[in-house]
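Chemist: Required output: the full structure, derived from the provided sequences and hints.
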Amino acid sequence: MGELNLDELGRLAKAATPGPWEWWTSNSFLRLSGSDGRDGGVLYACNIRNEYATVVVSEADRRFIAEARTALPALIARIRELEQENAALRTIAERYRFLR
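So the mapping is simple: my numbering equals the position in the sequence shown, first residue as 1, plus 43.
Hints were generated in silico from the structure; no laboratory data involved.
What you are looking at is a predicted structure, and each value in this text was computed from that prediction instead of being measured.
Treat the hints with care, since some could be wrong.
Listed next, with one range per pair, are the computed distances between beta-carbon atoms [said to hold, decoys possible]: (1) LEU49 to ARG138: 28 to 38 Å; (2) SER78 to GLY53: 15 to 25 Å; (3) THR134 to ARG81: 32 to 42 Å; (4) LEU142 to THR68: 55 to 65 Å; (5) ALA131 to LYS57: 32 to 42 Å; (6) ALA117 to ARG138: 37 to 47 Å; (7) ALA136 to ALA88: 52 to 62 Å; (8) GLY62 to PRO116: 12 to 22 Å; (9) ARG138 to GLU102: 32 to 42 Å.
Restricting the straight-line Cα-Cα distance to at most 25 Å, the calculated cross-link-like pairs of lysine to any residue (SDA-like) are [unchecked claim]: (10) LYS57 to ARG121; (11) LYS57 to SER78; (12) LYS57 to GLU102.
Backbone N, C-alpha and C fix where the C-beta goes; we use that ideal spot for every residue, glycine too.
Modeler: Encoded structure:
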């Protein structure tokens with residue numbers, strides 16, 4: 044597992060639109076809204092010149108989404124690793140319980 048930069052992940056999370064985020068699908072199009080109540084406040088699709096489709100999303104949210112894709116599996120793996128270590132340490136501590 045690669046090294047996680049928790050400080051950078053924290054900065055990205057703090058800069059992103061506050062959550063929770065929720066997908067809305069009414070009016071036949073998808074948009075992602077944040078807890079601030081703005082419909083499509085995180086991400087929404089639109090057509091621009093010459094009928095090209097695009098999505099509107101802030102730079103901070105783009106960075107957060109991109110980094111989360113890689114960070115989430117790494118964080119899950121790290122949590123599992125720490126849970127195993129914790130279980131092993133609890134077993135050792137239980138053996139020496141009589142020393143209390």
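Chemist: All the hints need checking, so say for each whether the structure fits it.
Modeler: Verification of the supplied hints:
Between LEU49 and ARG138 the beta carbons are some 32 Å apart, a value that agrees with the proposed interval 28 to 38 Å. Separation of SER78 from GLY53 is about 18 Å and conforms to the stated range, judged on CB atoms against 15 to 25 Å. One distance hint, 32 to 42 Å for the beta-carbon pair THR134 and ARG81, is violated here, with the actual separation near 50 Å. Distance hint check for LEU142 and THR68: the Cβ-Cβ separation is about 60 Å, which falls inside the suggested range of 55 to 65 Å.
Range check, ALA131 to LYS57: Cβ separation about 34 Å, and the 32 to 42 Å hint holds. The hinted window of 37 to 47 Å between ALA117 and ARG138 is violated, with their beta carbons roughly 32 Å apart. Take ALA136 and ALA88: their Cβ atoms lie about 54 Å apart, and the range 52 to 62 Å holds. The hinted window of 12 to 22 Å between GLY62 and PRO116 holds, with their beta carbons roughly 19 Å apart.
Taking 32 to 42 Å as the suggested C-beta distance range, the pair ARG138 and GLU102 does not conform, at roughly 53 Å. Among the hinted pairs, LYS57 with ARG121 is consistent with the structure: their alpha-carbon atoms are about 21 Å apart, no more than 25 Å. Taking the CA atoms of LYS57 and SER78, the gap is near 14 Å; set against the 25 Å cutoff, the hint holds. Distance check on the hinted pair: LYS57 and GLU102 sit about 13 Å apart at the alpha-carbon level, within 25 Å; holds.
Comparing the model with each earlier hint shows violations of hints 3, 6 and 9; every other hint is respected.
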